[in-house]
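Chains as they are written, first to last, in the working numbering: chain E, 1 to 327; chain Y, 328 to 878.
In short, the hints are calculated from the structure, not lab data. Glycine included, every Cβ here is placed at the ideal spot set by N, Cα and C. Keep in mind that a hint or two might mislead.
[Said to hold, decoys possible] Have a look at the derived ranges for each label pair, beta carbon to beta carbon: (1) Y:Lys707 with E:Asp93: 22 to 30 angstroms; (2) E:Asp90 with Y:Trp758: 31 to 39 angstroms; (3) E:Pro172 with Y:Thr548: 45 to 53 angstroms; (4) Y:Ala525 with E:Arg163: 48 to 56 angstroms; (5) Y:Thr548 with E:Asp93: 26 to 34 angstroms.
[To be verified] Covered stretches of chain E, going by a simulated chain Y footprint (3 or more residues, C-beta under 8 angstroms): (6) 186-196; (7) 287-293.
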Amino acid sequence: MKHRTRAENMVPTGGGDGTGGSAGEGTGPMSGVGNLVGTAPATGAESRARPWYTAAARRFARNPTGLLALGCLLAFIASAVLAPLLAPHDPLDISGERLQPPSREHLLGTDELGRDILSRILYGGRVSLQVGIIAVVIALSVGGVLGLVAAYWEGRLDGVIMRVMDMMLAFPGILLALVIIAVLGPSLFNVMIAIGIASIPAYTRLVRGSTLSAKQNEYVEAARALGAGAWRIIFRHLVPNVAAPVIVLSTLGVAGAILATAGLSFIGLGAPPPTPEWGAMLATARNYIRRAWWLATFPGLAITITVLVINILGDALRDALDPRLKS
Amino acid sequence: MLRLRTGLRGRVVQFGLLLVVLALVAGCARPAPQEQAAPTPEPAGPKPGGRVVIGYTEEPNTLDPHKTGAAAAWFIMDKLGGPYIWEDPETGKYVPGVFERWEASADGRTWTLKLRPGVKFHSGRALTAADVKATWDRALDPATKTVAAAGMLGPIENIEVVDELTLKVTHKKPFGPFLYAIAQLGGYTHTIDPDALARHGDNYGRNPSSVGPWKFKEWVTGSSITLVKNPDFNWTAPFFKNQGPPYPDELVVKYIPEDATRMAALEAGEIDIVTVAPTEIDRFKDDPRFEIHSYLAQGVNLSIWFNTTKVPLDDVRVRRAINHAVNRKAIIDAAIEGHGVEAHGPLPPTIWGYWEGVKDIAYKLDVTRANALLDEAGWKMGAGGVREKDGKPLKLTLFIMPLDAWQRAAQVIQAQLKPIGIDVEIQSYEWGTLMQYLSEGRHDMNLMGYGYGDPDIMYLVFHSSQIGSGLNWVHYGNPELDELLEAQRHTPEADKRAKVVADAQKFIVEQALWAPIYTQQVYVAVNKRVKDFRVSPRGYWLLHDMWVDQQ
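Next up, chain Y with everything else stripped away, as it sits in the complex (with noise of 0.2 angstroms):
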C-alpha cells in the first residue's frame, strides 16, 4: 500500500515536473540568433523579386469598398485602390496620386480634381473621371446601403465630368475632411473598375479590381488573401524612392487571430510583418532578428462609453465620478503592458485638431472627489458596499469584446470602481452582437476604441444623427454639441476649424461624455529580410520601397 502510494505520488510529481518543464522549453524556445548574419557583404541595392507576408487578426467581411467599414478591409482595398492623393511623412503635406492637382473653390464648396493622364485599371483599360465618378455615385447611391465610404465623401450635391481627366465635386456646404477621404481613407473611396463590377455583380467583394500598386489573385476564407504586384504601376508618391511598380512579386496577409501564434509565426518565419501584441513587445523590442517600428497610434484605443439616456449615466456627476475613479496608468500597465498614453479627451495628441487645452479640464484620480459627486448626485452608499438610490443599487453592465486587452482593462475598471461604490458587471460579445446591442442601447456602459486620422470622427461618434445606425453608442444628442460638429465639417479654414474644433472637445470632456483611457503606443515587427519598410508618423505603413533580401 506505501508502495503504491509513492508509486502514484511519483507519477502525479513527474507529471506535474513534466508540466512544468514544458512551459520553461517553451520559454527557451526562441532559436539562438543566427551567428553567420555579420560577414553576409551589404546588398547594392533593392532587387525586385520574392514574397512578403503580413501578419492580421482579423480577415475582412468584403472587398467592396462601399460594404464595408472594417480596418481589416480597408488594409487590403489601400493596396488594390491606391490613395488618389498621398500624404508625405516628413512634411504631411498631401502629394500627388491618381490626381494630379486638387483645387477647391473660392466658397469651399467645390473640388476640381485633375487625373494624372496614363493611369491604367488592372484590366489594361485607361482611368477616366468618368469611372470616379461612377464609383462615387454608386457610394453616394442610398441603394447600395454604403457603410463608411459615403460619410466620408461628406454631404456632395454633384459630380460632374468636366473632360476626359477632369472632375467637379460641389458639396453641399464646404467639407473640410474630404481630402482626408481620399487620402488615407483613400482604400474606402478607390475606384472600382466598372467592367469588373458588372461581370461579378453581388459577388464584387471577393474578386475586386482597381488601380492601385497590387493586384488581387486570391482569397483563401479563414486564411489568407494574396496580392500580386502590378506591373504597369508607374504613379507612385514623390517621396518614394521607387518610382516603378513595387518590388516584390506577391503580398500575402495571413490571418491569426491569436496574439500567441501570431507571435510564434513571426519568430517561425512564416511572416515578415506584424503588428507586435503588447504583451509580447518586450521581447520582441531587442530581438535582433527584427527591426521595429513603433508609432503612437490615431486614435483613442480605449474609453469607456456611457449610455447617456439611461438611469444613472444620464446624470453628468455619475459620469464624472467614473472618469475621477479610474486609474489609468493601472489599466495601461495591465491591459498594454504599460506601452500607451493616458488619454484625457475624444481625441489624442497624434490627431490634428487636438486642443491642448484638454490636459486642463481634464477628470484628474480623485476617489474623494468620485465619492463626493455620486453621494451629491443621491447615491448613498449602502450595504455591501454598493451604493443605492431609492432602494436600487448601483449597478452598471459593461459590455465589451472578448479581446484580451479588453478583458483585462474591464477587470482592473471593475476593481476601480468597487471602491467607490459602483457594482460592475462585465458582459462579453462578439463584434456583430456588441453592435447591433449598442445601437439599440441595451448597455450602461462599453468599452470601445477607434482608429481615425481626423477630427471628423467626433462628429461620426457624438452627432445625433449618428444615434441608431451611426456609432453615436453614447446616445447623446444635444443642439449645442451637433451644431459644433457641423460647422467643423463646414470650414474649410484650418485656423477657423481647430477653434470649432476645440469646443467641440471642451464640451464633450465637461460634459464627461466617455472615460477616455489610453491611446496605445503600437510597435510593428519586420523580419530583416525585408528591407526598406517604412511607417509615417501618422501610423501609414509605406510599402512601396519595399524589398525582399532573398540570399
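Bound-form chain E, shown alone (with noise of 0.2 angstroms):
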C-alpha cells in the first residue's frame, strides 16, 4: 500500500524535473518512459479507492474455513500466553499420583511422573508459540534481506547470494537444523536458531523472485529516475509488493517451526527436561503408549490441530491475497 502513496507522491516533487508531462497518459501500452513513469498515479488512484489489503481482507471474510482457523488459532495463542491463569496445576509439580487417566482433578490425566498433562500442554503452547514465531522471524529477516539483495543488485553478488542458498537447500531443513543444533548444543534457544537458519533459504528464493518481477514495474523505474536510493526503493516501493506471498510462507513457516521443535524434542535435542514442550513430551509417552494412551494422545492432539490450523490459515491466506492463484 505505502510505496503507492509514495510513488503517487513523488509524482508532483519529481514534476519538476520534466518528466511529469507525460502523466497524463494514464494506461497506455508501455512504449516510453513517459508511459512508465505514467502508470504510478494510475496504480495510485486504483489503490486510494480500493487499497490491496481491504480487497483481500474482504476475500478472507467469505473463506469460513479460514475464518475458522483464525480463530482457533486466536484461542490457541490466548491459551499459551494465559497458561499460567488457566492451568489447573503448576506443570512441573511432581506430587500427584503417576499414570493417572482423564479425571476431574485431572482432565487429561497425569503423566509419567505425575504431572499434569493439560497444565503441561498449555505451557507447552507457550514453547511452540515462542519457537514458531522466533524461528520464522529470524528466517524472514536474514531471508528476506537477501532476497531483496539479491533480486535488486543482481549480477555476481546475486550470483554468490543463490548459490550459498542453494547449498544450503541441499539439505534436507531438518537435517540443516540436526547440524546446527549439534554445533551449538542441544537446547530451546539453539533450536530456535537452528529452524530459522535452516528455512533461510526458502525466504530468499521467494523474496528474490517476487523482488525480480515487482523491480518490472514502471513506478520503480520512475523512482529510480526521480534519483530515489537503492534502499529507499527496496524498503518503500519493492518490500510492500513482495508482502503478500511472503506473509502466506511465514505462516505456513510458523506451523513448520512447531513441528520441527516437536522432532528435534521428541529425539532429545530440543527443550531439556522438565521443559513441558509438545514434542519432548510425546517422546517420553511412546514407551508407555500401550499402558496409558493419554499420555502420547493429548500432546499429539495439541501438536496435529495446531498445525493443521495454522496451515489451513496460510492457505486461507493465500487465497486472499493472491487471487490470481486460486484456480
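Mind assembling these two chains? They're in different frames, but the hints should get you there.
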C-alpha cells in the first residue's frame, strides 16, 4: 500500500524535472519512459479507492474455513499466553499420582511422573508459539534481506547469495537444523536459531523471485528516475509489493517450525527436561503408549491441531492475498 | 459457513478420534495366546540345531578384549573366550574351566594355574600356557593402552610359563580380586588366538578368535553379531548337564536401542531372550508365551555422584543434605516402576563384602535435617526459594545420559531438591562426551550406575589414582580411604578383607561421596521355544544347557 502512496506523492515533486508531462497518458501501452512513469499515479488512483488489504480482507472474510482457522489460532494463542491463569496445576509439580487416566481432578490425566498433562500442554503451547514465531522472524529477516539484495543488485552478488542458498537447500531442512544443533548444543534457544537458519533459503528464493518481477514495474523505474536511493526503493516500493506471498510463507513457516521443534525435542535435541514441550512429552510417552494412551494422545493432538489450523489459515491467506492462484 | 465449520470440526474430531483409536489398537495389539500350545507332547530332551536371538540395547565398540570396557563387548567376548574358571551357581564356588586347577602360594602373591589338556582354539590349534601369557602380557603392556583388563588382572609382576600347560602369575602384592577377573570377568581377560591377532592386526576387534563355546561368524554394524557353535568344545563347567558343544547352531545378538521396539521384537518372535525394560515388566510378567527370570542386579544401578572438588559439594554437609532430601522410593517408582531396592551405600547386598551396618548409618529421608545442614553450611534461603551464600545462588548441574530411566530419575531428583532450596539444572550428554566432561570435572553432580561383582569396584571409583583417567568422577582423593581401598585389594583372607571392605563402605557413606539411589531388579524374558536357559543368582546367564524346541 505504502509504495503507491509514495509513488503518487513523488510524481508532483518530481514533476519539476520534466517527466511530469507525460503523467496524463495514464494506462497507455508501455512503450516509453513517459508511459512507465505514467502508470504509477494510475495504480495509485486505483489503490486509493480500494487498498489491496481491504480487498484481501474482504476475500478472507468470505472464506469460512479460514475464519474458523483464525479463530482457533487466536484461541490457541490466548491459551498459551494465559497459561499461568488457565492451568489447573503447576506443570512441574510431581506430587500427583503417576499415570492417572483423565479425571475431574486431572482433565487429561497425569504423566509418568505424576504431572498434570493439561497444564503441561498449556505451558507447552507457550514454547511452541515462541519457537514458531522467533524461528520465522530469524528466517524472514535474514532470508528476506538477502533476497531483496540479490534481486535488486543482481549480477555477481546475486550469484553468490543464491549459490549459497542452493547449497543450504541441498540439505533437507531438518538435517541442516540437526547439524546446527550438534554444533551449538541442544537447547530451546538453539532450536529456534537452527530452525530459523534452516528455513532461510526458502524466504530468500521467494523474496528474490517476487522482487525481480516487482522490479519490472514502471513505478520502480519512475522512482529511480526521480533519484530515489536503492534502500528507499527497496523498502518503500519493493517490500510492500512482495509482502503478500511472504505473509503466506511465514504463516506456513510457523507451523513448520512448531513441527520441527517437536521433532527435535522428540529425539532429545530440543527442550531439556523438565520443560513442558509437546515433542518432548510425546518422546517420553512412547514408552507408555500401551499402558497409558492419554500420555501420547493429547500432546499429539495439540501438535496436530495447531499445525493443521495454521496451515489452513495459511492456505486461506494465500487465497485472499493472491486471487490469481485460486484457479 | 455454518455447514463448513461443522464440516471442518467434524474432520478434526474424526482425526482426533483416529489418533485415539490408533493408540487403543496399539494397546490391544497383543495377539491372543496360542491356543494349541497345550496338547503337544513333552519333548524327550535337548535337541541340537536352531538359532537363538538375544536382544541387546547397545552395540560394542570392539571385540578386542583389551580395547574396551563396555558391558556389551564383554557379553560377546564371554561367549567367544569362555571363562577360565566358572562360578557354580548353587554353591558360589569356583569350578574348573580352561584352568583345571589354581593354587595360591603361601604368601598369596603367586598363583599356579594348570590348563586343562585338549583345549583348542577355534582354528584347531591346541592352547598352551604360552598363549595365555602372551595375551596377558599384551593386556599389561602400556603400549596396548588397555581399558579394563589390566586393572582387573591386578599389579602383576611376572608371568612365567612353567611347562606347556602350567603358568605362574606373581603379583607385586597379594591380589584378592584375581580369581574374579579370570572367572566372571573372563570376557575381558580371555586368551586371544595369537595367529588371528597377527593376521588381523588392528582389525582383530572385528575378527576375534579364541577357545570358547561360540565362534565368531559375522558383525553387521548397527544391527547384529552372529556367533556359531564351536563343535569341538568340550570343557564346560561340571554343573551343566550338557558337557559337549552348545546345542543351537547359531547365537545372534541383535542391537535394538529403543525400549519399545526391542519389546515389540520380542513379542513378534524376532528375538528370543531380552532384558525387559522396567516400564514393560508388568505387561510381560504374566505372559504365558515367555518365561521370566529375575534377579537383583550386582551393582548400584543409580546414584548421584558429587564432584567433591567444587563449591558447594566440597562441603560434606551439603552432600549429606542432598542424601537426606532424596526420596529414594519415589525415584524407584518413577524411574523403574518400583522394580528395585533402595541403595544406601556403594555396594548392594548382592555383592560379596556388603556391610550390613550401612543400614544403620544410612541417610534417611529427612527434609528438616537437610534444611538444617544447609543452614549450617551457610546456605541461607533466598528470594525465589533458592538458597544463597555470599550472594551466590545454590545452583547445581546434574549431568546425565539420555536414557529413559535416568531422565525420569533426574526430573524427580530436581523436583525433590527444589523444596530445600537447591536449583538443579539437568544436562544430558551421550556416553563419550559425558565421560570426558566427568573426567574433566565440569559437572557438579552426575547420575551414574555400575554393574560389578566384586567390592574392588570401590577402588576403581574412589581411589585417588583413578582421578582423571579412571572412573573417580567424584574427584575424591583421601589417603585414609586410599589405604583402605588398597588394603582390600591385597588381603587374600576373606574374613580380613571383609573387615577392610566394611571400613571402606563406612568411610564412603560417612563422607557422602554419593547419594546412592537404587539397585535394580532385572527381569529377563525368554521365549518358551528356547528351553533350559538359566540365570545364576549373581545374574550370570548360563547358556550352555540352552536348546531350541523347533516344533
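Here's how the hints hold up against the structure:
1. Under the hint 22 to 30 angstroms, the C-beta atoms of Lys707 of chain Y and Asp93 of chain E, about 25 angstroms apart, fit the expected range.
2. In this structure the supplied range 31 to 39 angstroms holds for Asp90 of chain E paired with Trp758 of chain Y, their Cβ-Cβ distance being about 33 angstroms.
3. One distance hint, 45 to 53 angstroms for the beta-carbon pair Pro172 of chain E and Thr548 of chain Y, is violated here, with the actual separation near 24 angstroms.
4. Ala525 of chain Y and Arg163 of chain E have their C-beta atoms about 52 angstroms apart, which keeps the hinted 48 to 56 angstroms range intact.
5. A beta carbon spacing of about 44 angstroms between Thr548 of chain Y and Asp93 of chain E contradicts the range 26 to 34 angstroms that was offered as a hint.
6. With 1 residues having a beta carbon nearer than 8 angstroms to a beta carbon of chain Y, the region 186-196 of chain E misses the requirement of three or more and the stated coverage is violated.
7. A count of 6 residues in the region 287-293 of chain E with a Cβ less than 8 angstroms from any Cβ of chain Y is obtained; the coverage claim is therefore met, three being the minimum.
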